[in-house]
Structures are given as structure tokens and as C-alpha cells.
Amino acid sequence: MSETARPVSRPVLTPRTRPLLILALLAGALALWRFLAGLGPVTGMSDGYPWGIWIAWDVVVGTALACGGYAVAILCYVLNRGRYHPLVRSAVVTSALGYSLAGVSIVIDVGRYWNLWKVVVWPGRWNLNSVLLEVALCVMAYVVVLWIELSPAFLERWEAGPPSARQRFAAAVRPRLEKILLWIIVLGLLLPTMHQSSLGSVMLIAVGKLDPLWHTPLLPLLFLVSCVAMGYGVVVLEATLSARWLGRRPEGVLLQGLSRAAAWVTGVYLALRLGDLVGRGQLGHAFTAGRLTFFWLVETLAFAAGLALLASRRQRRRPGRRLLAAGLVLLGGILYRFDTYLVGFSPGPGWHYFPTVPELLITVGIVSLEILLYMVIVTRLPILAGVTGDAPGAPTTAAADPR
Amino acid sequence: MSFDPLPLSTSQETAAGDTPHRMDRRRFLKILMTAAAAVGLSSTTALRWAEAAAAGKLKPSVIWLHFQECTGCTESLLRTSHPDIARLILELVSLDYHETLLAAAGHQAEQALRDAMAARKGEYVLVVEGAIPTKDGGIYCMIGGRTAREMLEETARDAGAIIAIGSCASFGGLPAADPNPTGAVGVGGVVTGRPVVTIPGCPPNPYNFLGTVLQYVTMGRLPELDALGRPRFAYGRTIHEHCPRRPHFDAGHFAEHYGDAAHREGACLYRLGCKGPMTHANCSTQHFGETNAWPIGIGHPCIGCTEQALLWRTSVVETVEIEHPTPPDTYPPAHAEHGGVSPAATGLAGLAAGALLGAGAAYARRLDRELGEEPDEEA
Amino acid sequence: MGMDRRTFLATLGSGAAALLPAAAGAREAAAPAPDAVGMLYDSTRCIGCRACVTACRRANGLPPEPRRLDGAVYDAPDDLSDRTKTVIRLARHDGGTAFCKAQCMHCVDPGCVSVCMIGALHKIAGGIVAYDKDRCIGCRYCQVACPFDVPRFQWDDPTPLIVKCEMCRHLIARGGQPACTAVCPRQAVVYGKRDALLADARERLARHPDRYHPDILGDTEVGGTHVLVLAPAGFTFQDLGYPALDDRPVPQLSETVQHGIYKGFVAPVVLYGVLAGVLWRNRRATGGDRDPGDDDPGGEVNHE
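Residue numbers (my numbering), protein chains in the order written: chain A, 1 to 403; chain B, 1 to 379; chain C, 1 to 304.
If you're looking for bench data, these hints aren't it; they were derived computationally from the structure. Any given hint could turn out to be false.
[Said to hold, decoys possible] With a straight-line Cα cutoff of 30 Å, these simulated DSSO-like cross-link-like pairs (lysine-lysine) come out:
#	chain 1	residue 1	chain 2	residue 2
1	C	K133	C	K193
2	C	K133	C	K123
3	C	K263	C	K193
4	C	K193	A	K118
5	A	K118	C	K133
6	B	K59	B	K135
7	B	K59	B	K30
8	C	K123	C	K263
9	A	K118	C	K123
Next up, chain A with everything else stripped away, as it sits in the complex (with noise of 0.2 Å):
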């Protein structure tokens, strides 16, 4: 198979997806909106829930999806195996998409957001006793590193381009680049590993707030280890979605890969969590909570259904079941987080919570940005491999295009 990376050449808006335009400026009102008369008239966040969707899926869902550059960069670079490298730049393109939107969608959710510069600029006035700046800090970072990681892409394009002032500084910056890009893969190791642990010891500090069925000391750890399960889950995800939309079979043998992969990351993950809820003595709280209960279980069995798809040969083989194990995995991963942040959390009687309706248009509306974002890269930059189809046994024409 020839499998050079290239610019796809389909349409991004077409009837199928120009909903997703409309929902993105539909959100740009509605945030403009909420800039212009604050965040209670249009979410349905309060003092007691002072956190609702923006950072429970916005920022703490959205950067855990965004971790397939992560996952992958482990498997192919810190275990060398090298045959996933094909799918490492569009990974990296969901993952730079994902966190630059988490970045937009804290500056919407904060209501003092034109002091946000002071949280970097202003070292001497860090406190480093919260969880949260270094989460700040660190998903900051990672961003630049994102799309210095992502820049080779479009620093060939204008190198090989027709000579300009672009052309010249893509010659001069890439090969520099391409010295220093092993330091910066390593930081977008090191990184991730750091933030996405920490947003679990976020909660930390919620004693008595957060349910003991999510509140624990491994926080940051059941963090991290389902961050990269739900990160396999989205290359999984993205990269059968994104061979569809080419017409083409997904790339079978790496993502059986993959998916072999996520299964023992989400067996650690299980044998992690179930073990902490046995050591704290919290199995029979699991079982008796009522809506807690509820929430736990439909947490626990998404990821178990994920894995028992996911340990078997033959289901890894299918590529429907393994869509649908990836979808399971992300599942527990997304309600994870959601029940660790929002419905385990209770401030004390009388205080509810459910996101409003324009508070809900925005995060659709994100999302919606994101995927048409993706297109947008894709069908000018060199990330996907094989374009038009020459791989075998793979229907090519429109009428089998899915999408």
C-alpha cells in the first residue's frame, strides 16, 4: 500500500455537514451573549454548582479526547513501534484541535477572563499549592507543542510551494525544527502525563463534596491510565470515521493494534478502580446509592463491555465491534469524568444542576467547530495517507461513500 500523506480532496461542506457550520455560529452568538450579559443568564451554573459542562466536557472531556496524540505517541515512539506512525499526524491534528478548543472554551467559562494573562505572566504570584495552575500551565503548553508537533505538515507544504517569504522561512525554520522535534516529542509525553493526572487531583480538594465513590487518592492515576484507554478510543474512533469518509477500508492491522492496546489499558484501569473501591471500603455504597448507583454502573459496565470486545481476537478483527468497543471505552471515559465532576459532586441540599439550553448550543457548537476544523486541515494538509483510494479490496466509488 502507498501510503504518503496528502491533502484530501473532498468538499468539507456539503449537505451533510453544513449543520455542523450553522451550530458553529449559532454558538458565536450565544457566546457573544454570554460575554455581553454574563454567565447566569445564559448557563445554569450556580453557587452551588459553580462548575457545569463547559469544564466537565468542554475542558476535562474534550482534552481527555484529545489524547490520541498521546496514546499513540507512547506506542509509537516510547515502545518503538514504529507501524502506528502513519496514524500519529492525525492524531496529533484531533489532539491540537481538541485542546486549542478547551483553551477557547475556558476563556468563554472564567468570568474575569482579561486577567487570564496574569495566571502566566506572573510567576512571583503563582500559588503552588493549586492543582489547578498547573493544569493551566501545563495544558497551555502543551497546546504550543501540539502545533509545533503539527507544523511539519504545513512547513513542507510551503517549503515545496512556489518561492515567497513563506517559502523561504518554511526552508529556513523546518530543518531547525526537525533537530529539535524529538525534545518536543518528549515534552508532549511528558505533558499530557502531568495535566491529565491532575485534572483528576482537581477534585481532590472536594472533601465531603464529591462522593466517596469518585473522591479517592488515585484520582490523579485513574485520571491518566483512562485518558490513554480513551485516547486509543478516539484514534480507533477517528480513524475508521476519517477511512469511511475516503472510501476506504479502515487501516485494519493497526488498529487491531490499537485496540489491543486499549484493552490493557482499560483492564489496568478496571482492576485500578474496582480495587480502590474494595480498599476503601466503598463496594456496597457502589451498590446502594440510588442515582449515584446508577451513574457508577452504567460508568463501570461501558467500560467493561469496551474491554470484553476489546480483549477478543475475533471482535478486534470486526470493524463495526471495534468501533463500537472504542465507543464503549469513551463512553465509561467521558461519564467518568462527567460523574467525578458533576453528578458525584453535591454542594448540600437545595442546589441543582442542569446545563440550559444555550449553555448546551455552545459545547454542541464547540464540537461542531472541531470536526469541520478537522476537515478543514485535512483537506489542506498533507495528514491523512492514502487519498484517492488505490488500496485493494477498498470500494472507491461515491455510491459506496458513506458519508
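For this one, chain A is given, so just place chains B and C on it according to the hints.
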């Protein structure tokens, strides 16, 4: 003096021992104490006043002008159940010009005014009762061929202090009620550029006036005034803040109709239109007529007679806003309920999530159907 | 493969060792400063007059929370809010009633201070927890952290602030006392040095044991608070509306874990070094100066 409006004693006459209006010392002191307390001064000050009065050292010259008025303010000073009080007030000041009490008339009266102004130029206290018409050159109130406005401007020029007594002189009062055909204004509408003490009320409490004048005379300065020129000791609080029926307000115990059970039990009159919450005055503590009588006390809501925005501008039955809301006689619980959850949002989110999951599962099944099984990665 | 697995496990091992919290034990609780000030609220003395609520509004320039009841307008806050820094609640239990003054407890070891990224919430002289709006980014982590749910946020303002009692530090700085303690007609809430107030509270418990619930809230709960509370007999602090608390300071677990992992920034540096070493070795094993990001070293994918 060329006239003697009332058999008043001048300082000289007092020294000569000819005091036709004796009153016993205890009552004298009691009245001075009340006046001092009203101004917020100590009883020591009251004693000083008594000594000064006995020695004839008080007695500022007072020139009292009447314009568009009903003379109610004068009556309130005089109309008491104790004629000696009225006498006393008149003995504490040298009332050099007062149209109601003047025995003289015509040119004699005019001359009395000019003499009084000349004799104590720069020192006399000018008291104005009634509004001043300004429309059409101010011809709607003329005395001795001169408009009220002219008289006021001339007399105010050399006055040591200017006091507008009553709502009409303070801000226009009844003559200024819609449509104000005469263009009536208060003293402040004519005399600009210097502070004018206003003692609004219809009529005002006589002690508010007495305390102000006595403070000026003994201390050489006026009491602390608010932005409208009203002495703070009398007008610094609303009736609502000092009303004996306030606990009924806080408990939500209101009279709904005149004569109903709650009304007869002395409930709060807010719902009958009491203007107490917006009316700055001290009727609730000072009362009238030295008999502890005051409107709310006898069951009639306050009509806001000291307030320009209320008197003659609002209906007696209209309720007003509370200027400074304070807590009611109810308490929040240990855990208050906060907000709710939008059913539209839950519905929407539920549907969307369900649709996404369903679509995902269906898509996965279709993929398997379309693509079948892959060769093993290790093959 | 064999070498890779060993390397993998070695990396994992050193990473895990760096990530696990230090076995040295939990972070110690902070102690109150010697000049610590505080307040003592005695629920048995409170008559629910709410002079403190009104005085607090005036002293802090806060508007009332108007509510229409029975056709008249009252200042009737339901709870602490973005314009109400203290409120008197009525608690019912077992047929009895008791008042409770809700406000910032000014913890000795506050959760809000621990989590605030650039120190908008910080401690000042006397142990008072103060707020600096110029450092606040409005992230609301303090609201997540506070076990008493004290900090409130101006949700309806496009330039929102966090609002909470600061013990009238502007009055204390001029040698005065908080507005609520100054105005209370029954001395139900008083201001003074924390040590003295604690001694006073203990004395009250000793002298009238039948009158009080035998505990002082804020003595040791969450590591101690500068605002102490006495409850009437028959009421626990939970009945008054306080959450169930133990004696561990709120930030203890979070800071133990976080500093255990990141102390001296050693672990991240070590991990970076280990990962860099592994990647470097892998790159050399695949031959040449080619960056790992560039080509496929496994040879399973051909290039055109």
C-alpha cells in the same frame, strides 16, 4: 418699637420686673428640655437657654412673612392646649413682624417691617410661611402694593438666617399642586445662592421650628441640614423607620379597609396607602399638640405631607415603595432551595444523547455488514 | 520486542515511582497565627433581629435583595449571595427552633486559599481570608473547594466578582470591628482575639452545660476556623445547616498528593530525562539521524 403686637416683654421690661406672663419654672424648663432634646442637644444646654432667657439674652429678632398660605403653620405654633406655650415661644423670640399677630395695619405695619429690618440688619431670622407665586410677574399675591417675590427678595437680602416653615414655603405645597396656575414655588425657588432651612410639614411640628431657631440663636449656627435644607434631627429618618406599628408591617399584619378588624386592632396601615416608608419626618416620635396624637396613632395613614413628591401629587390611598427595605418577620431555612432545572434542556439533552448512542450502535452494525471480518494483524 | 518490553517496564516503573505520593505522610495542618482574630457566634443569644444583616449591607455598600411579600417590599435574602455576605437562618429540629448566622468561617487552613491560582483569595494579618479582585480570573475553583459553600459569584454581571465576608477588614484596619459584631444588640456575635474567644466559648460551655450543644464549631473542625459557633442544646451543627466535617484541613489531601508528586519539580524532570533517553535510544536503534516523527522505522509501511 413703635408698636406692641402683643403684650410682650422686652429685655428691658423684664429687667424692670414687669412680666405680665409668669409661668412656673418647672414647665418652662420642661419645654426647653424638649426643645433641646428635639435638636439633639443635652439638658445642660436647655439649662443654659433657661438662664439666657431669664437674663433676657435670647430673643433674636424674627421677621415672619406670609404669602400663599393658610396660616396653619402659625396656628400650629399657637394652637395648643396650653396658651402659656404660645406665649413662651413668643417670649423666646422678639417677633418684630408677623401679619397674623400684628395689631397694627396699613402703613403702620409697613413701617414696622422696615424698622425691624433696619434695626437688626444682618442678624434677624427671616421666617417665611406660604408659597410665592412667580407667574405673570408674581401678581397673584401682593401685599401693600408689592408682590410677594419683591418682598421676599428684599427681606432676604439682609437676613441672618432664612427659615421656610411649612410645606408651602419649603417646596410650593398646595398652591403648587397641578396645574399650579400661579407658578407657586417655595422660598428656595426665589432665594438662591444661600442656604434656606426648610421645615416641611402640613403643618410641621412646632418643636422642629423651635429647636432650629434656638440652636441658631445660642450656637450661632444652623443644625445639620440634608440636601433639601431640612434639619436632620427631625427629617433624617423616615416615619417607617420609627413607627410603633412597624412590627405589624414586618409580620405582614395589615389593615385592608377602614374599620375592619385589623384596623381596629392597630395593624399596619401600609395597605391603606400610608406614605410612611417614603416620608422623612419625626411625627412618630415627636407627635403633635403635646398629647401624643399623630395621624398613624389615631388610625389614619400618613399622607407624606413633608415630601414634595407625595403631598398633593399622590393619592392618599396609593401605596408607596419602601425606600430602605429591611428583613421581614420570616426567616430563610437552614438549607434554602435554589433554582430549578429546565425540562426543555433535559429533554433536549436526553434526546440528543440517546440519538447519538443509537446512531453509533447502528453505524457500527452497518460497518460490520459492509466490511466483514479483517485478516488478523499477526497473519 | 524483548528489549522494548523491558524498556517499557523500566520507564513505567520510574514514572510510577515519581508519580506516587511521597510515603513521608500527610501535609501538616497550619496553625493559627499568634495575632489571630476571630468572631464568636452564640446561637443561644441570637434573637434573630437581623441588625447584623442590615449593618453588613451598609458597611460593605451592598444593595438589599428586594422581595415582594404580602404586597410590601422587604429585604429578604434567602441565602448568602452576590450581595449578601451574611444571613440569619432559622433552623428547626425536634420541635425547637434556633438561629444560625451564615458567613465566611475564615478557616485557619482554607481550601479556597489553597486552590486559588494566583492568590486572589489570600490570608492577611489576623488570619482573615481576603479577596483581591485584580488577581481573580473568575474560575470559581474556590466555590468548588469551600466545604461551607460560602463564596458567591456575580453571575448576572459581565464583569463578575467573588463575594464573601472579609470580616470588615476595612474597618478593622482603622482599629474598629466588623459591622455585625458592632451592631448586635445582644452580643450574640462578638469580635476579638481567637484565643480569647475560644477560652470564652469554653467557659460558657462549662458554666451552662445544659444550655449548649457540647462542642465549639471551629475549634478543630477542618483544622480550625476563625469564626466559632455555639449551638443550643438539642441541636447539632448539622441541624443548624453546617456540613458534616472532620478535623482534617480541607487542602490536606490535595496538597499532600500534589506536592508528593511534584515536590521540587523533580519527578517531571526525571521523567523527561528518562523519556528522552528512551526516545533517543529508539531513534539510534532504527538507524540514522532521522527523527522519529519523520519516517516509519518499523519498515511495515512503504514510501513512494
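Okay, the hints, checked on the actual structure:
no.: 1; hint: C:K133 with C:K193; result: holds, 27 Å
no.: 2; hint: C:K133 with C:K123; result: holds, 14 Å
no.: 3; hint: C:K263 with C:K193; result: violated, 35 Å
no.: 4; hint: C:K193 with A:K118; result: violated, 36 Å
no.: 5; hint: A:K118 with C:K133; result: holds, 12 Å
no.: 6; hint: B:K59 with B:K135; result: violated, 37 Å
no.: 7; hint: B:K59 with B:K30; result: holds, 19 Å
no.: 8; hint: C:K123 with C:K263; result: holds, 23 Å
no.: 9; hint: A:K118 with C:K123; result: holds, 20 Å
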